[in-house]
Amino acid sequence: KAGVTQTPRYLIKTRGQQVTLSCSPISGHRSVSWYQQTPGQGLQFLFEYFSETQRNKGNFPGRFSGRQFSNSRSEMNVSTLELGDSALYLCASSLGTSDTEAFFGQGTRLTVV
Amino acid sequence: TQLLEQSPQFLSIQEGENLTVYCNSSSVFSSLQWYRQEPGEGPVLLVTVVTGGEVKKLKRLTFQFGDARKDSSLHITAAQPGDTGLYLCAGDRTGNQFYFGTGTSLTVIP
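Sequence order for the protein chains is C and A. Residue 592 is where the first sequence starts when you use the working numbering, and the numbers rise one by one after that. Residue 23 is where the second sequence starts when you use the working numbering, and the numbers rise one by one after that.
Derived from the structure by calculation, the hints contain no laboratory data. It should be emphasised that the depicted structure is a prediction, and the values quoted were computed from it without experimental measurement. There's no promise every hint is true.
[To be verified] DEER-style ranges, computed between Cβ atoms:
#	chain 1	residue 1	chain 2	residue 2	range
1	A	Pro103	C	Pro630	20 to 30 Å
2	C	Thr629	A	Ser29	15 to 25 Å
3	A	His97	C	Ser670	39 to 49 Å
4	A	Ala90	C	Ser670	13 to 23 Å
[What the hints assert, rightly or not] To give an idea of the interface, some chain A residues facing chain C are shown, with a C-beta separation under 7 Å as derived from the structure:
#	residue
5	Phe32
6	Tyr44
7	Glu60
8	Gly64
9	Leu67
10	Gly74
11	Gln119
12	Thr124
13	Gly125
14	Thr129
[As the list claims (entries may be wrong)] Covered stretches of chain C (in silico footprint by chain A; criterion: 3 or more residues with CB under 8 Å from a CB of chain A, positions within the stretch not fixed):
#	segment
15	636 to 649
16	661 to 668
17	676 to 684
Just so you know, even glycine gets a beta-carbon here, dropped at the ideal spot from N, CA and C.
Just chain A, same shape as in the assembly (with noise of 0.2 Å):
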């Protein structure tokens, strides 16, 4: 049973389109953590959200933390080829035990 959800699974768009990614789940979470893994490569950590309700801005892309921390979306403004790639989201509950989810693969066809 996966502790985080991830919508949708598969992403295939246009250059210049907009996208949302969705990380849900049942149980609340302390911190939560978006990651981009390229093929053969670890997961480069983007972005960490703590607040319930915070959103949080890296150029183009934004990410929201759910107001009871249980769900966080990452929304991609004008999509380039090389925004291309596994994304993971991942909450901590335990102290330091991460649970990841089932990732959404995204393809930018140019």
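Pulled out of the complex, with its shape left as it was, chain C reads as follows (with noise of 0.2 Å):
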């Protein structure tokens, strides 16, 4: 069974420039929950998708938005990309019920200059 997959691993934008970022969940898994991670703030939730709908959001600026499509894949997008957007984004899948467990991609490792 594949699991969750992220791309690009790695990408580096200029100040200004946009970003688009892909998750693949593990078959069978509607639900697809974006973080942001860097070395100050740690784990940080930015929003969470299920079957298309954005069901939960964290506390980040609305140049952060995301869509999920029918097959439970999802982007994330990041407009106007700032020197402080520079971090790991990890999505992660999961059945989207209660105590359901999450799993992880590998992340994208975003470097702003």
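Assembling the complex is the task here: the two chains are given apart, and the hints tell you how they should meet.
Dropping the structure here:
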């Protein structure tokens, strides 16, 4: 059974650009959550999608957005990139029900220069 | 404000020693998970605890969920260099939003 796949693994962008990250969840999983991980802030929740609808949202500015497709694959977009957006972006997939387990992808390392 | 606080934040021990990592909150969680993360990789799920007072063992790792489901601990016996990594606890409160702890960075010195 394939795990969670995130692409690309590494990305370098310049300030002001926008970026799109992709996450393919485990087959059968309908929930995809996105997290930003930085050394100073740890793992911060961005948002969660379930059946193509955003179900939960963290405390990030509107420059961070996402969507989920009918096959449960999800994309995350960050517009007008800032230096502080440099981080490891992780997605986690799960069944989306209570007390379920979340499985993470390897992450996308975004560097903004 | 962090919903889940882990302690200690950093831990450096010799191979063969025992250690305990704590994950504390003032909130009740329906379940709690422990992950280990290596540099540049995503967190890997180690265990999920659901019932208050539950104890789970995974080889040399023992996980406990507090009776009130507000805290948890991870105990490692006879630590090995392969145990090195960032240990994260995560609690589920709202159906599928996981709140992550601050993390404990463990280094086991050969």
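Consistency of the hints with the structure:
no.	hint	verdict
1	A:Pro103 - C:Pro630: 20 to 30 Å	holds, 22 Å
2	C:Thr629 - A:Ser29: 15 to 25 Å	holds, 20 Å
3	A:His97 - C:Ser670: 39 to 49 Å	holds, 45 Å
4	A:Ala90 - C:Ser670: 13 to 23 Å	violated, 43 Å
5	Phe32	violated, 12 Å
6	Tyr44	violated, 16 Å
7	Glu60	violated, 10 Å
8	Gly64	holds, 4 Å
9	Leu67	holds, 6 Å
10	Gly74	violated, 13 Å
11	Gln119	holds, 4 Å
12	Thr124	holds, 6 Å
13	Gly125	holds, 6 Å
14	Thr129	violated, 16 Å
15	636 to 649	holds (count 5)
16	661 to 668	violated (count 0)
17	676 to 684	holds (count 3)
Figure legend: structure checked against the earlier numbered hints; hints not met, in rising order: 4, 5, 6, 7, 10, 14 and 16.
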